[in-house]
Each structure stands twice: as structure tokens, then as C-alpha cells.
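Here the protein sequences come in this chain order: A and B.
Reminder that position 14 of the first sequence reads as 16 in this note's numbering, one-by-one numbering, no gaps.
Reminder that position 242 of the second sequence reads as 227 in this note's numbering, one-by-one numbering, no gaps.
Derived from the structure by calculation, the hints contain no laboratory data.
The beta-carbon is built from N, C-alpha and C at its ideal position, and this holds for glycine as well.
Be a bit skeptical, because a hint or two may be false.
What the hints assert, rightly or not - Residues on chain A that point at chain B, a partial pick, calculated with CB under 7 Å:
# : residue
1 : Leu49
2 : Val63
3 : Leu66
4 : Leu67
5 : Met78
6 : Asp80
7 : Trp86
8 : Trp103
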Amino acid sequence: MPQQDPAERRVVVTGPPRRTRRTSGYYRPRTEIDEQTTLGHTYVRSLMRTQLRAALTVFAVLVLLVGPLPLLFAAMPDARRLEWAVLGFGLYAPLVLLARWYVRRAERNERDLVRLVEDR
Amino acid sequence: MNSTFAVPAVALVVVATVLVGAFGLRISRTTSDFYVASRTVGPRLNAAAISGEYLSAASFLGIAGLVLVQGPDMLWYPVGYTAGYLVLLLFVAAPLRRSGAYTLPDFAEARLASQAVRRLAGAFVVGVGWLYLLPQLQGAGLTLTVLTGAPDSLGGLIVAVVVVATVAAGGMRSITFVQAFQYWLKLTALLVPALFLILAWQADGAPRHVFEEPPAFRDQRAVRVDTTLDLLLDRPLTVTVTGTVDGHRHEEAALSLPAGTHRIEQGTRLGFTPGTPVPTAERGSNGGMSTSLAAGREERPLYATYGLILATFLGTMGLPHVVVRFYTSPHGVAARRTTVAVLALIGAFYLLPPVYGALGRIYAPELALTGDAYAAVLLLPDRMIGGLGGDLLGALVAGGAFAAFLSTASGLTMAVAGVLTQDVLPTRGVRHFRLGTGLAMAVPLAASLLVGGLPVADAVGLAFAVSASSFCPLLVLGIWWRRLTPPGAAAGMLVGGGSAFVAVAATMAGLPVTGGLHALLAWPALWSVPLGFLTMILVSLATPGRVPAGTASILARFHLPEELRAAEVKA
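Produce the entire structure from the sequences given, and follow the hints as far as they go.
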């Protein structure tokens, strides 16, 4: 930095927040989550449980879809065409559909929690 | 191969990369721009960038070559590369973004509040990153050699210089544009020639013996054997030989080789008649893109297929260049949607390499013998179409291949340089990031010049196996399990990742083990991933007093949607 007149230096000007938070007589759940109360813990735990359930469900479908394939191909060594078709072209669309299904579920779980917390 | 058009095509890709990178440089201003593009990359651009980064040389050239040599079993590679993103989406995408960390070591430190675990994770990131960079540089060298006959190391050197220049200049911001551009370039470079090749195949009467096992020569074909190899025959073979077979010298002699193993010396020319099945070749590591030390149908039982599936499905989430990309999304929901878009983009791309592999089995089956199978994608346009059209399409493919080397190498360099700058070099800041970039590329470049011949498929497999057995347990347990402790995480990463590393390194060093043990060592994921998880869980349970104090609030931050965290962010 070249020499500068100290009077010209930038200063940070702060003021009171424009929108003060609503002060209400009761604790809102949102602050409970922030402050790590027992109730907040319950919210987080229940969200984690539903999200994990959604993830494990889709993962189980993936395992059931893909897991038996090597066995199947090994059992039918003459079904080369089937192996080419399934591995080369058939699996990608189901993977994308599974992903979309999961994202819908995960976002719905989050929306449900937000609604629960905001409009009690 | 005619290099009249291929060399300008490669040069054009390199110049375009530098220009797009320079465009990013103009808008890359802050440290945050450098590391995570200021976290403002929307799902579409980010998805194209992630896909561009992910589709490496192994995807662009390697898969078609592997399929050509070893048949449709090798299609598990692209399926695994894609499904890895689904697993990543299910278990880590949104929480990883919400963790608010820059890199994997940052994640480890934020979750476990331990400097030791952070350093260990950093060491693994650098190790995996370097391992994955090595084949990119070698692949570039091999491609340039096939195209122009230039010395092996030149291609790697070009890639290294361009990557260091773009990464060091513009950081993540400019890399994002470069990689999004390179995804579309790579897709075009495979799609357009593939359409013409399919037309040529149709015009040829659409021969279908591609599905036969093994592939057969369809016309008179002479093959020059560049490196000494052992030919495995399961039935007698009649072949015209000029050169040395089984220690005897022959000149234009028609030989009838009985079933069994035959040694073909370097420089021998073999002439095959139409309809002859392509014999299986066994060779040591020759540095080709599509040879694998764990190859051979007998040595690749069901176990190896499942090992490959597990390594790719679970290893993707831990690859350093993949993970660092998630921090560039603006929020967790965007990170999820980005991942779905990535799945669609790479799924679309992976429809193409099998086409090349299948056509290669019909039109260039001898590549399986000469050890140039990786060149199938580069050579097919010339072989099937020929003339000016074939040359132009070949040039397009060559340019795409270089885009593949450049994009993956820049992503890896970015990730490794980030770790080096933050954890190894003394102070942070953009200048040291540039120093870190040079360092991140110097080591693998030196290794590729010194060591040479590490088969690409093996190096990539090693990176996936190590990542699946070290980072996958760390990420999954770190995000979903409250009782993870720093000693548990460190022990799990060391035992799981370390054993996977030792196992594959032993295979590559050529330890003389055979049969079941060989498969166990060459495809370690099936035992090393459970080992990593188990160690992490057991050691964590044994040290319950070491659960970090802030675990509950950290997990709340990982999982709560951003709108519920507004107050926390402001504070």
C-alpha cells in the first residue's frame, strides 16, 4: 500500500440491526435448536434418523439391483449379449432415477422439519 | 496414424484451456475464489465441471481398451464410477457441503477437533492425489506417442505445464469454467465419431460377432509384437511367423502351434488368417493404458468383480478432486441437485466407451496383442472410415483425450495444492497456493519420468481402493455416527487405507503370489473396507471418553437445512 492519509482510511460503520427479532414470551423451537436444548437435540436426531432411513432404503435398492448381477452373468456364460446390454447401456437410467427419488425424499424430510419448527 | 490434424487438434485444446482459464483469472479475486470459487457455482455449471473433472483418461481411453482386451466384464468400471456418485449423494453430499469446510482435512478437523486426524487425512489426500495424477501424465505421454511418435515424456510435460499455469493463475474459479468446457468437449469428441463409426458399421452389414468370446480376426492381418509376450493358446493356432517363437527363428514360415504357452520375442511379426480367434497374451507390466496386473480370466474370478464393484462404489466419495468440488455449491440442497445432474451427465458419457470397445473387438482385435489397446479409441476412426473424414474424426478424438488428461489433472492438482498450502507450507495466501501448485505437480511428474510403466488401470484401482477403505469410513461414520472419536478415526484410516495400499503396492511390485492370495491382494477392497469400518467403530467404542465436546452441535450443522441455521451463521 502506498502512503495514505490516515484520515482517508476506510472505517466500518455499524448500526443497530434494521429488523429487530420478534421478542416473544415463549421459546421458539428455532432458538431451541440453536441453543442445543434437549428439545433441539430431539429435532436433529429425528431428522438424522429419517434422512438415514431414506439413504439406506435407496442404498438397499441399489444393492439388490446390482449385487446379483455378477452372479447372474457367471451363471449364464452364454448370455454375452445380455451382459453387454445391461452393463453397457441398461444401468445408468435406473441410477439417475434412484438419485432423483432420494433427493425428493430428502428435501421433503427437510421441509417437514422446517414446517414443524416454524409453525408450531 | 496420420498426425496432420491430430497435432493441431491437441494444440487447439491446450490453447482453449489456457484462454478459458485466463477468462476465469479476470474474475478470480479473493482467496475464497481461489479455493472454492466463492461458493457461488450453480448446479448446472458445477455439475458440468464435476463431470468434466471426473472423466479422466481411464474413462476416455482406458475403458474401451479394457473392454476390447478383456470383454464385457470390464464394463463394471464405468458402472462403478457412476454408481459411486449415487452412494456419495446418499450418504455425504449435503452434510459435507453444510460442514462448511474447504477440504477433506478441514472436514476431519471440524468434526473431530483433532490436529492429528487432520494431518493424517491430509497425508492420505496428497497420497491418493499423486497416485491418480501419475496415470494422467503417463496417459498423455502415451497418447502423444501414438499420435506423433514423440518421446514418451513429452505429453506428460505439456499437461503438467498447462495445468500448473491455469491452476496457479486462476484457482478454483477459473478451473470451474475450464472443466465445464472440457466436459462438453469430451462428450462431443466421443459422440460425433461414434455416430460416424456406427454408420460405417451399418454400411459394413452390421457384423454381430462382437459378442463372441474370444473375438476373431475378420480379414488377413499382420501383427507386430512390440514387447516380448507369452501367448496362451487353448486350442492349436496356425500362424505365419517372421521372427522368434519359443526360441526358434522363423522367416515367413507357416507354423502350427499346439495348445499351451508360447513365448513370442520382441519384433516378431505374426500373420493371421480370417476367422482365427485372437489368442490371449500375457505380459508383464508394459505401461499400457489397458493392461492390468490382475488381468486374465482365470485370475479374475467373481471375487475380483465384487472387489471392483465395492472399491468404485465406495471409493468415489473419498477422491480428493471429487470432494473438494462439493464446497463450491452455494448450499446443501444445491449440492444434492448438483450430484443428480452429475449422475445424468457421466451416465450419458459412459454410454459411449462400450461402443468403441465393441467396435474395436470387430475392427481392431489385434490391439489386444500389441499392448496398444488403449489406442483403440484413437485408431478406430482411421481404421473404419479412413481418408480425410477418418483423419478429422481421429483429430477430434485426440483433442478430447487431451481434454481428459488436462481436466482430471487440474482437479487433482487443485485438491493436492489446497492441502499442501494449508497444512504443509508455512503461511496461507494466494502466493503460497501458487507455490503449492507447483509442488503438487512436480512430484508425480518426476515419478512418471523416473518410474515409468505403472499400468493406468492398476493405479486408478489403487486410488479407489485406498480411498474406499480410508475416507469412506471417515465420511460416513463422521456424518452419521455420534460416537466417533479421534483415535478411532485415525486408527480406521491407517488400518483400512494402509492395508489396501500395502496390498496393491505388493501386487504392483510383482510379489510372486498366485491363485487366491493374488486376487486378495490385487482387489483388496472386499476385505480392507470392512476392516477400516470395523477398526474405526471398535477403537471409537473403546475410547468413549474422547468423543469431541461439540459433536452434537457439529452434527446439527451437518444435517439441519440452511434456513434453520440463519441465526447461527449471523452470530
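Hints, verified against the model:
For A/Leu49, the interface hint holds, the least distance from its beta-carbon to any beta-carbon of chain B being 6 Å, beneath 7 Å. Nearest Cβ of chain B to the Cβ of A/Val63: about 10 Å, over the 7 Å cut. The hint is violated. A distance limit of 7 Å between C-beta atoms decides the matter here; for A/Leu66 the minimum to chain B is near 13 Å, and the interface restraint is violated. A cut of 7 Å between beta carbons decides the hint on A/Leu67: the least distance to chain B is about 9 Å, and the hint is violated.
Hint on A/Met78 is violated. Least Cβ distance to chain B is approximately 13 Å, over the 7 Å limit. A hinted interface residue such as A/Asp80 counts as satisfied when its beta carbon comes closer than 7 Å to some beta carbon of chain B; here the least separation is about 9 Å, so the hint is violated. Hint status for A/Trp86: holds, given a least beta-carbon distance of 5 Å to chain B, under 7 Å. For A/Trp103, the shortest C-beta to C-beta distance to chain B is roughly 10 Å, which exceeds 7 Å, and the interface hint is violated.
Violation of the numbered hints given earlier is confined to hints 2, 3, 4, 5, 6 and 8; the remaining hints are satisfied by the structure.
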